[in-house]
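**Student:** Generate coordinates for the entire structure from the input sequences, incorporating the hints supplied.
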Amino acid sequence: MSSSADTARASGARLELRNLSKAFAGVRAVDRLSLDVPAGAFVSLLGPSGSGKTTTLNLIAGFLAADTGDILLDGRSVADVPPHKRNIGMVFQSYSLFPHMTVADNVGFPLRMRTRLSREAAGKRIAGMLELVQLSHLAARYPRQLSGGQQQRVAMARALVSYPRLLLMDEPLGALDKKLREQMQIEIKRIHRSVGTTVVYVTHDQAEALTMSDIVVVMHQSRIAQVGSPRALYESPANLFVADFLGDSNLLPGRIVETAGAQAIVELGNGQVVRVARGEVTLMAGQKTVVLVRPEDMRVGEPADGQDAVSGRIAEVSYHGDSYRLEVAVGADRLKVRVPRFSGTDLAPGQDVQVVWRPDAARLVPVDAAKEG
Amino acid sequence: MSVYAMQATTTARPAGLLARAGAVPALLLAPCLIWIFAFFLLPLGLMCWRSLASEGFSLAPYAVLFTSPLYVKVLLTTVKMASIATVCALLLAYPIAYTLTVTGGKVRGAILLFILIPYWVDIIVRSFSWLIMLGDNGLINKAFIGLGLVSEPLALLYNAFSVLVAMTQILLPITIVTLFGAMLRIDRTLMAAATIHGAGEWQAFRHVFFPLSLPGVYGAGLLAFILALGFYVTPALLGSPKETMIAQTIMVDASQLLDWPQASAAAAVLLLITTTIAAIYNRYFSLDRLWGGSEP
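Going down the list, the sequences are from chains F and L. Position 4 of the first sequence, counted from 1, bears residue number 4 in the numbering used here, the numbering being contiguous throughout. Position 36 of the second sequence, counted from 1, bears residue number 36 in the numbering used here, the numbering being contiguous throughout.
Hints may contain errors.
Covered by chain L, per the in silico footprint, the following chain F stretches (three or more residues, Cβ under 8 angstroms) [as the list claims (entries may be wrong)]:
(1) 125-138
(2) 304-316
FRET-style restraints, in silico, Cβ to Cβ [unchecked claim]:
(3) F/76 to L/148: 50 to 60 angstroms
(4) L/189 to F/207: 19 to 29 angstroms
(5) F/76 to L/279: 40 to 50 angstroms
Honestly, the hints are just simulated from the structure, not real lab data. Keep in mind the model is a prediction, meaning the values are calculated, not measured. We treat Cβ as the ideally placed atom computed from N, Cα and C, and that holds for glycine.
**Tutor:** The structure is reproduced here in structure tokens:
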């Protein structure tokens with residue numbers, strides 16, 4: 001607890017996780033996890049259920065004690081600091097608003113517990129927070145009288161009112177419908193910008209993680225699969241799991257024939273040779289690899305200069321409003337291709353087509369890099 | 001014992017069951033409803049009728065109840081003893097029920113077993129066992145004298161103390177279980193939310209858990225109080241005439257004085273008091289919640 005919570009405003013803490021492990025009944029839920037989060041960053045922990053992201057969040061909150069490793073806030077270990085003294089705010093999946101308190105009392109709770117603010121000062125702070133989340137008119141209501149989205153905002157206000165160094169969010173939008181979820185994503189980003197605290201955001205929704213975060217931590221089987229900016233993860237996945245988990249992907253196994261400057265020549269399983277941007281991966285001829293091409297980077301038609309193409313037959317066409325999605329059979333494999341809605345009207349299953357892409361849209365994914373991290 | 005059983009049945013039946021009934025539910029409920037009518041409502045009606053119409057229609061037995069110093073005193077004693085026993089049971093039950101919510105698995109099972117074993121033992125046996133504990137040559141007095149704490153045996157038996165101790169003990173299991181059920185429905189992440197937002201363990205309990213457990217406390221208290229009003233064996237075995245409760249008076253009226261109208265009137269008044277309390281509770285806290293129904 002800082003002597004004055006006011007000084008903490010607009011200064012999120014730097015969060016470091018050092019070799020953190022936690023097991024439940026012998027099963028590792030978090031396995032030697034290390035992570036640096038710069039002050040004020042918005043970081044998402046993204047992964048399928050059971051990947052350890054919620055356990056990580058609970059370790060940071062202090063609800064669980066780590067078996068090994070350490071957690072540092074601004075360089076200082078909080079291992080021996082109980083949760084209520086860590087000065088962390090948290091938004092829970094089910095919001096967990098106190099049902100017997102009004103909205104204003106819910107928001108004021110951390111102030112009553114953590115600070116010695118006078119009633120006027122606390123009232124002012126609560127009013128300011130409610131204004132930030134645009135709920136000033138509902139201060140006297142009880143949580144059960146609010147919609148899901150409104151409860152979500154109250155939970156945000158409560159988590160932020162004492163100007164915490166760190167804000168933890170555990171799948172906060174999971175219970176909302178799609179429209180509201182997208183609206184709240186923008187809202188949360190706006191609030192994050194205006195308060196400047198460090199945010200650790202747990203989600204299994206990749207769109208949410210990609211649109212909101214400065215840094216995304218993809219978790220898989222209790223470990224970090226990759227850390228990076230949303231763009232880096234999507235465009236240069238470090239391993240097959242990340243390539244497959246994020247977005248739609250075509251993963252074509254092959255073998256490196258030769259490396260030539262910024263490009264590599266890869267022979268695919270069906271004998272076809274394609275060019276691939278090398279990225280930062282060290283390569284050797286003969287090495288096994290996987291080529292990643294995103295469906296939206298492919299099109300059907302004649303290859304233009306310098307483009308790669310494979311021939312196949314359309315197996316399925318489905319209409320998705322903004323686009324058509326095709327499944328094109330190439331030998332035993334199926335390629336997913338997304339074409340804009342205006343150019344997909346003539347396509348039908350059974351047609352022979354060429355699937356075309358630019359070499360720089362193709363990426364090499366290291367095959368056995370999954371054991372890194 | 002029949003008064004005791006009847007009271008439990010009336011309060012355990014949430015209102016509105018009949019109102020919603022369609023054909024199939026009505027059919028399914030029929031055996032139960034017939035049973036209740038034939039063996040509960042009908043005798044109850046007859047009892048009330050008897051209290052009013054023994055020798056032509058007359059409110060005389062009721063007049064006696066509220067004017068005779070004996071009945072007024074007994075009614076007051078009954079309410080006083082039941083209130084004290086209820087409060088004691090709640091005070092003892094709350095920490096045990098809370099402990100149950102924070103333990104799990106085998107420990108919880110073991111505690112529940114120790115709560116339920118006495119519950120399965122008959123009230124007469126439980127009341128008798130207090131005779132052994134509290135008598136002049138009982139366990140407690142022997143221990144105290146043996147330790148040299150007192151020279152003469154303490155008067156632990158045949159007074160308000162012994163009646164209240166036994167009543168409290170008999171009420172304890174049902175109070176604990178009712179409280180425990182209510183506490184289990186409190187969302188534990190609310191405690192986590194309180195903790196992460198600055199509340200220490202005690203503060204989280206005081207500001208979040210305790211207020212949310214109050215409906216359960218009122219519910220368990222109500223149940224205990226209604227049961228306590230109808231106690232017969234315990235005050236009869238462990239009390240003096242000063243601790244005479246209404247059920248004992250009804251028994252004397254019916255079986256010794258053969259004054260059935262008077263006994264019926266006293267029973268009707270007891271029933272009226274308990275149903276009124278249950279109705280008031282239901283109005284403000286909704287009985288449904290106690291039996292696992294949805295929030296209002």
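**Student:** Quick check: do three or more residues in the segment 125-138 of chain F have a beta carbon closer than 8 angstroms to a beta carbon of chain L?
**Tutor:** violated (count 0)
**Student:** Is the gap between the beta carbons of residue 189 of chain L and residue 207 of chain F within 19 to 29 angstroms?
**Tutor:** 26 angstroms, holds
**Student:** Count the residues of the segment 304-316 of chain F whose Cβ falls closer than 8 angstroms to any Cβ of chain L, and tell me whether that reaches three.
**Tutor:** violated (count 0)
**Student:** Does the Cβ distance between residue 76 of chain F and residue 148 of chain L fall inside 50 to 60 angstroms?
**Tutor:** 58 angstroms, holds
**Student:** Take the C-beta atom of residue 76 of chain F and the C-beta atom of residue 279 of chain L, compute their distance, and say whether it sits inside 40 to 50 angstroms.
**Tutor:** 59 angstroms, violated
Of the hints listed earlier, those the structure fails to meet are numbers 1, 2, 5, in rising order.
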